[in-house]
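Chain by chain, the residues run as shown.
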Amino acid sequence: DTAVSQTPKYLVTQMGNDKSIKCEQNLGHDTMYWYKQDSKKFLKIMFSYNNKELIINETVPNRFSPKSPDKAHLNLHINSLELGDSAVYFCASSQDSGAYYEQYFGPGTRLTVT
Amino acid sequence: GEDVEQSLFLSVREGDSSVINCTYTDSSSTYLYWYKQEPGAGLQLLTYIFSNMDMKQDQRLTVLLNKKDKHLSLRIADTQTGDSAIYFCAERSTGRRALTFGSGTRLQVQP
Chain A
28 DTAVSQTPKY LVTQMGNDKS IKCEQNLGHD TMYWYKQDSK KFLKIMFSYN
78 NKELIINETV PNRFSPKSPD KAHLNLHINS LELGDSAVYF CASSQDSGAY
128 YEQYFGPGTR LTVT
Chain B
123 GEDVEQSLFL SVREGDSSVI NCTYTDSSST YLYWYKQEPG AGLQLLTYIF
173 SNMDMKQDQR LTVLLNKKDK HLSLRIADTQ TGDSAIYFCA ERSTGRRALT
223 FGSGTRLQVQ P
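Going down the list, the protein sequences come from chains A and B. According to this note's numbering, the first sequence holds residues 28 to 141 in order. According to this note's numbering, the second sequence holds residues 123 to 233 in order.
Worth flagging that the hints you see were computed from the coordinates, not collected in a lab. Predicted model, so just to flag it, every value in this text is computed and none were measured. Any given hint might turn out to be false.
[What the hints assert, rightly or not] The list that follows gives simulated cross-link-like pairs (lysine-lysine, PhoX-like), each with its CA atoms no further than 25 Å apart:
hint : chain 1 : residue 1 : chain 2 : residue 2
1    : B       : K192      : A       : K71
2    : A       : K68       : B       : K158
3    : A       : K36       : B       : K158
4    : B       : K189      : A       : K67
5    : A       : K79       : A       : K68
6    : B       : K178      : B       : K192
7    : A       : K46       : A       : K98
8    : A       : K79       : A       : K46
9    : B       : K190      : A       : K68
10   : A       : K49       : A       : K36
11   : B       : K189      : A       : K49
12   : A       : K71       : B       : K158
13   : A       : K63       : B       : K158
14   : B       : K189      : A       : K71
Chain A with its partners taken away, still in its complex shape (with noise of 0.2 Å):
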């Protein structure tokens, strides 16, 4: 069974559409998280909800908008894709009583806008 997942897992669109990308936790987990990495590698925090509550929003554009309806998902909608959007966004979850709070990350979208 997969922990963390995320569709789809590539995403090649062009500048100025809306699209969305789901994560699902099977874990049970209490807290999500959307991470952005670039093309070099660097990984940052977008977002972070603790159930179904917003906790953590890093300075990220309003055409990025995250929504969790449920504890066992955070989807990730952005309108008006722009080319600086390419990246590989990152889900995440973890359980914030346990002991070291580690997190479990999903595959992993790769999104191209053109």
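Use these hints to put chain B onto chain A, whose structure you have.
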């Protein structure tokens, strides 16, 4: 703000030991982690160390933490070609859930 730095590249021969270094700036870091990323894959947690520890050993992996110098290292003994990947150092500060990652060190293991 928090900052985590790593060297970008390390090349070793199969069977040698690899040492990957990391420095961080946040003195309130509570947990420090090493993640491995293979090509086209997500991040896999290798090991972690709590800030009140100096060393942790887990099979071929040894983590050393110098809290005074804010320096973390990962030693991989008997490095294998399957260890070729990007290794990320990450830290988690008190009261903050998200991780701050370093830029990653690409480890290349030559046969």
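Tell me, in ascending order, the numbers of any earlier hints that this structure violates.
-> Failing hints, ascending: 4, 5, 9 and 11.
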